[in-house]
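Chemist: Residues per chain are reported as follows:
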Amino acid sequence: MSTTSLVVGALLLGAATFAIRATGPLLHSRLQVPARLMALMSLAATVLLVALLATSALFDGQELSDPARPAGVAVGGVLAWRRAPFVVVVLAAAGTAALIRALGG
Amino acid sequence: MAVRPLTFLRQWRDDLGPALLRDIVLVNLAICLVGISYGAITVGEGLPVWLPNVMSVVVLAGASQFLFTGIIATGGGVVAAVLAGILVNLRHLPFGFALADTVRERPLLGSYLMIDEVVAFSLAQKEAEVRRKVFFTCGFLLLFFWNLGSLLGALLGQAITDTEVFGLDAAFPAVLLALVMPALREASTLGIAVLGAAIALALTPFLPAGTAVLCALLALVAARPWRAEPP
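Those sequence lines, one after another, are chains W and C.
Under my numbering, the first sequence has 149 at position 96, and the numbering climbs by one with no breaks.
Under my numbering, the second sequence has 164 at position 163, and the numbering climbs by one with no breaks.
For the record, the hints were derived by calculation from the structure and aren't laboratory data.
Here the structure is a predicted model, which means the values were calculated and not measured.
Here a beta-carbon is modelled for each residue, glycine too, at the ideal position from N, C-alpha and C.
Some hints here could point you the wrong way.
To be verified - Here are the in silico distance ranges between beta carbons for each label pair:
| id | chain 1 | residue 1 | chain 2 | residue 2 | range |
| --- | --- | --- | --- | --- | --- |
| 1 | W | 136 | C | 15 | 23 to 29 Å |
| 2 | C | 156 | W | 134 | 30 to 36 Å |
| 3 | W | 115 | C | 130 | 42 to 48 Å |
| 4 | W | 87 | C | 189 | 15 to 21 Å |
| 5 | W | 136 | C | 131 | 18 to 24 Å |
| 6 | C | 128 | W | 56 | 42 to 48 Å |
| 7 | C | 191 | W | 90 | 19 to 25 Å |
| 8 | C | 20 | W | 134 | 16 to 22 Å |
| 9 | W | 79 | C | 199 | 44 to 50 Å |
| 10 | C | 13 | W | 88 | 44 to 50 Å |
| 11 | C | 159 | W | 134 | 20 to 26 Å |
| 12 | W | 55 | C | 58 | 17 to 23 Å |
| 13 | W | 119 | C | 207 | 20 to 26 Å |
Produce the entire structure from the sequences given, and follow the hints as far as they go.
Modeler: Right, dumping it as structure tokens:
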């Protein structure tokens, strides 16, 4: 993998990501978006975040991950539900996955 | 405006309140940990040590950065990695509309800082002024801590070879879960989000990276958006 292609790739992805993010804020003033549509956008954002976390917890690319990762995320999820601080959630998730892997070999 | 930095900071702290500030700091420490896992995994896959930080400044979107690394590591090539990253980041389109009002005064800077965690954290704030302050405070801190984590991780990745031993791959989904938790306490939102996740999980083995996540939006039909009256 050449340095140039990696840098160009990073710049392209960065530019596209910025364009996607800026569409709403830049068009919003010229576009009257009804309150119900805004609520729907908000719901859409939550749906996408949950889908993203679920797939990244259970899959490694297109194949299922080992059980340690979802187990770690589940422990983190229970702690988050019980309103534990974020750092505790993350450390518990990583720690659980690491522990299961250490025990399971 | 000639405001002394300390006065400014004190004002900022008083505006947000200690509880909210503590939460923001804790999210950022968590993001720093995810950044460490990102940097370590990327360098562990044989990519150059400067790449995590270049990506973390230029792209500033964790999920697509993980994906970019993953595709190049499995031999997919830069073009596929960029396209997949764009696909994953298409979810920021509704974020932009949802937060358009919040970043109204600084749309370009606001768009740059529109990171998953900042979005989730901001949307959790009901009051517009608080939401705006949370967005920019959290955004700037995240830019810093995500890069700090990426740097530490990249250096760590040179030293250790197997990052999964430390369970670092579980950190990213766990942070997202913690961040959407406030929204999920609402039963109707939870139902639709679970349906969306089920759709995405069912489709992931069959679709290109990122597409399955976008298909989760089909679950919005369950919210019956065509109804004239809000539920």
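Chemist: Of the numbered hints stated earlier in the document, which are not met by this structure?
Modeler: 9, 10, 11
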